[in-house]
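Trainee: Next come the chains, spelled out residue by residue.
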Amino acid sequence: MLAYVAKRLALAVGTVLSAVVIVFLLVHASDTTPGAVRAGAGATAEQVAAENEALGWNRPLWVQFTDYVGQLVQGDLGTSLVDGRDIAADMADRLPVTASIALFATLLSGLVGVFLGVTAAVRGGRLGRLITTGSGVALSLPAFWVGILFVYLLSLQLGWFPATGYTEFSSDPLGWATSIAIPVLTLAVGGAAIIARTAAAGMREALTQEHIRTLRAMGTPRWRIRYVHALRYASVPVVSTLGIQFIALFGGSVIIENLFALPGLGQASQVAASSSDFPALVGVVVVATVVVVVTNLLLDLVVAALDPKVRTP
Amino acid sequence: MSVLPLDAADEVATEPVPPARRRRGLPGFLRRPGGVFGAAWLTFVIVASLTASLWRPFEPGQQDTANRLALPSAEHWLGTDPLGRDLLSRIFSAGSLPLLSSALMLVVAFGIGLPLALIAAERGRRVERVISRVTEVFLALPATILLLALIGVIGNRLYPVMAVLGVLISAAVYRVLLGVAQSVRQRLYVDAARVNGLGSLRVNLVHVLPSMATVVAVQAAQLFGIGLLIVAGLAFLGFGPGEPEPSWGFMIQDASGYIYTSPWLMVPTGLVLALTVVAANELADALAGKAAAARGTGRRRRPLRRAVAAAAVPAGAPADPAAVLEVRDLTVSVDDGPDLVTGVSFSLRKGEVLGLVGESGCGKTMTARSLMGLLPDGVSVTGGSIRWRGRELAGLSEAEIDRVRGREIAMISQEPMVALDPMFSIATQLVGPIRRFRGVGRSEAKRIAAELLRNVGIVDAQRVLKSYPHQLSGGMAQRVCIALALTGEPELLVADEPTTALDVTVQAEILSLLRALVRDTGLSVVIVSHDLGVVADICDSVAVMYAGEVVEAGTAAAVLDEPAHPYTMALLGANPHVPEGEPVPERLASIAGTVPPPGSWPTGCRFATRCRFVQEKCTVPFPVLPAHGEGSVLCTRVDELSREHAVWEPEHAGDEIASPLAPPAPVAGVSS
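Just so you know, the sequences run in chain order A and H.
Using the working numbering, you'd call the opening residue of the first sequence number 53 and step up by one each time.
Using the working numbering, you'd call the opening residue of the second sequence number 1166 and step up by one each time.
Just chain H, same shape as in the assembly (with noise of 0.2 Å):
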């Protein structure tokens, strides 16, 4: 076939491979069956073709005129022709040529089109313009008719024939290569190359190339294929080599004609020329490892194990009569996998903001999240109870918890651009759910999304309606998103970092925002925030967590005006924030390493490894201590650190360089 499925390659990835990220030992195609069996094929079709030959029972012109049109037998294996020629001979005499002009092919194709890229990454925009535009114009031109044309003028010469498809294809070559090429020079190990002054060939050669070598591969095996295709689609038509040579091509066009006497005479020639390109794209496949990502794509959940329970028995502290939203012990996990969150607990009263710190990786993401059942695939809640107005939403069903989302609790996300379905004007994606969820015809959806918008702070309701998402700044996209949520007039809001995305000055209009909403209409907000100005500046009470658990909660002036948890003196210490009227500080604290990955929290203390005040007995378990009034404390040393007055310091100039040398001080024992 002389199709050109080029395009099909732009969805394999594409993904450049960074050098250092190689895996030693078996590469990793061949820990796949289609790899493995793309491998083992192609290899034993090239062997067996070129050292035909050598092993062939038969001369492939070698005539057993008693035998015409066999089914295959001890003597011939796979058959014989209308000529009583051996068809394994013929299969593998014929063998050579298609895979030696498909190779000559790839040869041209990269030979070209791989310098191209390399050279149109290199010069920049307008060198890259001009070869692009050229390849275009290649890319755009009827290959096979051209091929034919060629075939016209020079006759039947299949070498010459390929070598042009070569230069046709490595217009293809060069568009796939050029996307790799230019986002391996953003890299910044490339500017590094290039700053310590490595030449322009060497720069391609050691740190260009090599990350290409993945999407070359993967190119390659798939051009393969199809320029073996194409050869036994040109002898088909007869422009192959004529008879008595054989050649695959001509062998199905033979076969065509016996059809209705001796049909299988298509089947061998025919799948050994099938299987050797479904193995070429096989391999190609596992090269660029998309058999991995075709699987577990299933979604499946881990049934709830302990949340049932758990609600039954009354929780450690007496619930909040007042609270509407009351989290207890919630436990959430990767199926088989670790602990992501567990035992965290808060409760959050009609019209009350509650904020959720911490550094990237603490869980306070996976814990909002959960409150809408709307953990990532393959994450599930797995132990404790989401009371939601005395219901209980963990381990609801999908169509559930469905009734419950939008109409009850709403969520508005970290990235207000994507968060907007690209596709549709905003007018359509405010309709849709107004319809739904007050029941309203289109008109009066219209009027209501316009009000919403307006509620929101947007005054040009109607241009904005009719804007699609990429047309709108980021604040607007982030109202328009409040606006989304409030379409089914929720209790709850779940905002997770909205503001982490937007300008300075935009957060604070969409903090006031949010401080309106809460006060005019009574709307309970969780807020998750790496922030603490956020928290400072909109929060009735915080909930301050690290590595999965809840190390202090309270209200929102206790916690941060007494951190009784080190880990939250700490975060105050490097809160670059300062409030009005304090002098601002010349060094701000830190905090030594990062938080450590789930499945590797230590026990006892989970922060110990990075405290300044860990001792012994940090590191055995210990239970959750009140602070706080009504809040908690996650610390054995409270009540010592408490007398002493301790303060997390910001380092004295010099001490990062001196640490590593000296001796660990009594107080800051662990710091490694």
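Just chain A, with the same shape it has in the complex (with noise of 0.2 Å):
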């Protein structure tokens, strides 16, 4: 256990450090440097020599390289090349809008998901069919496209939620909830088609175990085998897809970000790219792989806690 344990965590610290590598290459293979983007248009070649030379650009790659590991472990992400803002700091404050829509989104994709893929399996027939073709077609539609139809329907034709912008939860909590909530329904249109495919599948899958018969030999009531013995077997592949879900939702907020004038990480990465603010991109993809990292560990733990075989000798 200890050994895997240990096996997990290298494989995380290796995934953000090429990630860092990864982008930190990116970045000086560009045509761009970072002293012309702080220099702003206009500057002269001087001024943009000067700036690389303040930004120690000029220095050996392997230097920079370690110097911005050093930085990183202590939690420092550098300033912004654009506005000069603290990339740790700005994180920090974004990150929480980020996670909780895309936190949100996962759970109730999961709930509605897993009520659909249960339905989906256990009746057939015709609603099952409605079922999978429904999913279907859900996880194919753009996320940006169903969020316009959402902020059509429900904020323009009904008026329950506001179309865009971001309320603080501390300032108005409630303001907060209806500020996210076109977002995460609009996420969870497609992550629920997906959880509702994995949740059918595995409970089908689950309906033909053995064990299964051996309980209906049994004589045991037939919701407890459905929902306590196989939505149980079905449930691993469900958490599994819950936690990958989650690590598309994140990535999927760049777009709802846009839409929909939210403050979280997708609109800093958006910013940082159209305005080659390097530290900044940096910043965000060492942050998303962290989540990432993070979530996939948690994941296993999940899937440990749930499934025997993996939890016991």
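No false leads were mixed into what you were given.
Straight-line distance between alpha carbons at most 30 Å, and here's what the computed DSSO-like set of lysine-lysine pairs gives: (1) H:Lys1611 x H:Lys1631; (2) H:Lys1631 x A:Lys59; (3) H:Lys1611 x A:Lys361; (4) A:Lys361 x H:Lys1631; (5) A:Lys59 x A:Lys361.
Counterexamples of contact, computed for chain H against chain A with all Cβ distances above 10 Å: (6) Arg1233; (7) Pro1375; (8) Arg1514; (9) His1810.
Simulated restraints on C-beta separations: (10) H:Pro1788 x A:Gly177: 41 to 49 Å; (11) H:Ser1238 x A:Gly94: 43 to 51 Å; (12) H:Val1332 x A:Arg276: 45 to 53 Å; (13) H:Leu1236 x A:Ala81: 46 to 54 Å; (14) A:Ala58 x H:Val1371: 38 to 46 Å; (15) H:Val1371 x A:Leu61: 40 to 48 Å; (16) H:Leu1248 x A:Val57: 55 to 63 Å; (17) H:Thr1230 x A:Gly177: 52 to 60 Å; (18) H:Leu1370 x A:Val57: 38 to 46 Å; (19) A:Arg178 x H:Asp1229: 40 to 48 Å; (20) H:Leu1248 x A:Gly177: 45 to 53 Å.
These are computed hints drawn from the structure, not numbers from a lab.
Every value quoted in this text rests on a predicted model; they were computed, and no experiment measured them.
C-beta atoms are modelled at their ideal positions from N, C-alpha and C, and glycine is treated no differently.
Hints given; two lone chains; assemble the complex.
Mentor: Written as structure tokens, this is what we have:
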């Protein structure tokens, strides 16, 4: 068990390091230099060179890299080339926005998806086919298009939620909830569809297992067979997919935050990409990779808790 | 959307298809409506987009200022945008970029993932580990944000960006294809090809790749849809071709600004994009054949045709007043299909053990499972009666038979290792039924569970209670299964090949445990087996089954010592177990051919095609004859055979080679 944990941790650290190396090399392969970005358009070559010198851009690559990693482990992600703000502090402000949207969307996907998938597998027939086809369509819909549809329906037509913008939880909890409602619903459409498919496939497989026949031969009540035994069997793939969903929704937040003007990580990465704000870019990649890696580690723990074959020797 | 539901692909069938099994004519996926729609729409979009410059009614940048934000009309079929540009022309002019760049992503992803999977599957464990570790890192990278970082560095160039995405996705492709490649490589025909000296490249090209074709096609279709969504998502964020060039993502972004005044604007573009992605996914599903699997899961049982009538009429043979179980003329059939079991009758007294014997596919398991109403979906009892202690079980509803299951009749199965729920401890699995059947509290139930385990010969009951099924050995698991079956204190135990999956020494232990239970508790047992040794060991009476019917029945001693039916003789002649004190035969007898499948049984004797004693009269129907006192035999020549002292002899050495050439011998007439 200890060796397993050590291996997972090593892989996690390796993943984060690879991400840092990749973006670091990318930035250095670019035609644009950070000095040019900081000096702004219309700066002379001398001004750009001076900025680059000040930023340490002309030092050997490995020196810059070890420097960056050294700062990274202390939680220092540098400052923005565009407005000089502290990247780490900025990320700390933005992470909760993205994380809460991705988390609620994952939870909602899980609830709706498991309900639909189990219904499809257990009831079968016309309803099952309807759910299967419907989830096939739902997972193919572009999130930004679904988002606009929801804005049209829930905001413009029904007036339930604001169309865009973000309210701080600390200033107005109810306003916060309504401000993330449409983004969460939008992300949950595709998520629920994928979970529904996984849950349906898992339940169908579970119900054909030999041990289910043993339970039937024991006269076990049908609800117990379905919702205790078969669902428990199907829970491992469902939970794994939920973890992957969280990661995917986290990435999907780039578009959602753009659409709904939410101050999250996705928005930061879009702004950084369009303005070539290199430290901000590297910062976003590092934070996103850490989130992915931590989610994967947690996922492993949850799966181990669910599946006795993983948990016990 | 930048969601990468790659793992949804895992649930799609990743079973390799051996080349030989592929059908000719129309490919399978085109027989499903989803596949037809997917293929048709994708073809339409691709052709229409690539040829847009030839047929489009307007140039994509041409402004019709009089008709801004127009609804569909004869002139503008899909309406116009805020600058009065024709939406139809713009949508299809924009199509080729996402289609081609997604195709590029696919080429890169498979160009890397497929060879890596083949190499990893071929070169063995160490190489596979290295490649797998690297791909795991790739899979854990946040793809969308990395793509944005790439755009931030190299600028707004879609093809290189999608190529890099292809590199990232190749890790997922590798992971799926590796599993397939490994399982294909384990197939015998691949081994055979290697033994025959085919080079590694040729083995891959000739044998492995064709088997992976379906999985590759499924993956490609799904990833194509994902690629389209990503290209559109990037354009939506402004990382696409800039104005005035049209792009799907930016057109939707544009539409979002006019949603208050012209909601129609978002419909055509969004619909074309969504339909294209739906088409790719539907095509993937159809290729994987999943649409078929989703159907027919609803349970629908054909009502019992003849059971009630048959039960009302006095059965042919006088009912045994001492019998607890009386099966008469039982027929089991596939719904709207052939019969699997016909006219099976037997009875069982308290404390008696009955063996149902025969080759695989002779209907013995179906017979046993029908006793508890546990037939597979689509199979049901369609005639005859199953009287259990005076009550008719055939045709009972699920709820009614549930009250019999476990309490009166219990079952143990062939595969003890998978018969227990892998997710729960043994204690949980025993305590539940004990509480339900005996109405006791949790701690009392725990005590009873430990006692039951000790009764089935488990010494370390406390440790086993805490264990999970995967921690038990096969013999131990079967003991637990027997303990589980005893929780409801049943009077009849149906044991379906209870020892087949176990080691020989464990087999003997389990049989003696069953014997002890019968002796101590008066349990009646129906034991299904293909092993005559098991039958001789434990059974009081035996019913030999062949092709869905009982061909010989009687006490175990009578049937085994003086078999009357040629099939029983053949089974005994083929039995490798030799009673102690008798000489080991030099050769074992064999039975040519296989059991005919249901639906193709011959009229008259169903064993006729394989019987050495077959004659003309065997092919016309004939009645069951009494034999072995209270038993029966289903052979029209039984008296002649008994007079001739017929024996099913082992073949002489060389017979196997000579027989196809030699003219048919007078007695062994039909051998084909």
